[in-house]
Amino acid sequence: MVVRIRKKFSAAATPLVSSSAHQSPEPAWNDYKSTADIPVSDHLAGQIIGQEKGVEIIKKAAKQKRNVLLVGTPGTGKSMLAQAMAELMPVSQLEDILVTQNPADDNMPKVKIVKAGEGRKMIDAARAKSGLGGGNMNIIMLALVFVCSFFLLFYGRKEFGDVITAAMLIGMFFMVAALAF
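Numbers 467 to 647, taken from the numbering used here, label the letters of the sequence shown in order.
Hints were generated in silico from the structure; no laboratory data involved.
Incorrect hints may have been included.
Cross-link-like lysine-lysine pairs, in silico, PhoX-like; alpha carbons within 20 Å at most [unchecked claim]:
id	residue 1	residue 2
1	K544	K526
2	K529	K544
3	K544	K531
4	K499	K525
5	K587	K576
6	K519	K529
7	K576	K595
8	K531	K519
9	K499	K519
10	K578	K595
Throw the hints in and build the complete structure from the sequences for me.
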């Protein structure tokens, strides 16, 4: 029984180990004079070593425009495989998707699809427009609080007394905090 298993195992393993019929066309390692002599693929997928099955999977997924979930320990080449897949993916026309508030229905936002780069311009224009209307209101409010507190500290103490001035200052700070938040 042990002899039979050994024969089957050695018959299966021998062609893989000592296959003299299959010679690789690559030159031996001692044929290179420097690392500049070693041919390097232009594509990142051709530069990946040790992940041949992974390269085949990402090539197939890129051709079919499918997704691949790469899971593994750090340093196993997941990022390089992802970059190679991104390089293999066909270039399509990119689009920006903008989701804006719908004043008619809060539960149904407006979705706009625009050409790539146009979305950034629209966002910048909307920010500039909203900044002109009331963007400086916080600075004005802060300046007003400082001026009022200055007058209360220097002139309110003479008119109302220390206790009333302190109560007015505390009340003013509570109102500003309520408006700010």
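Looking back at the hints listed earlier, which ones does the structure fail to meet?
4 and 9
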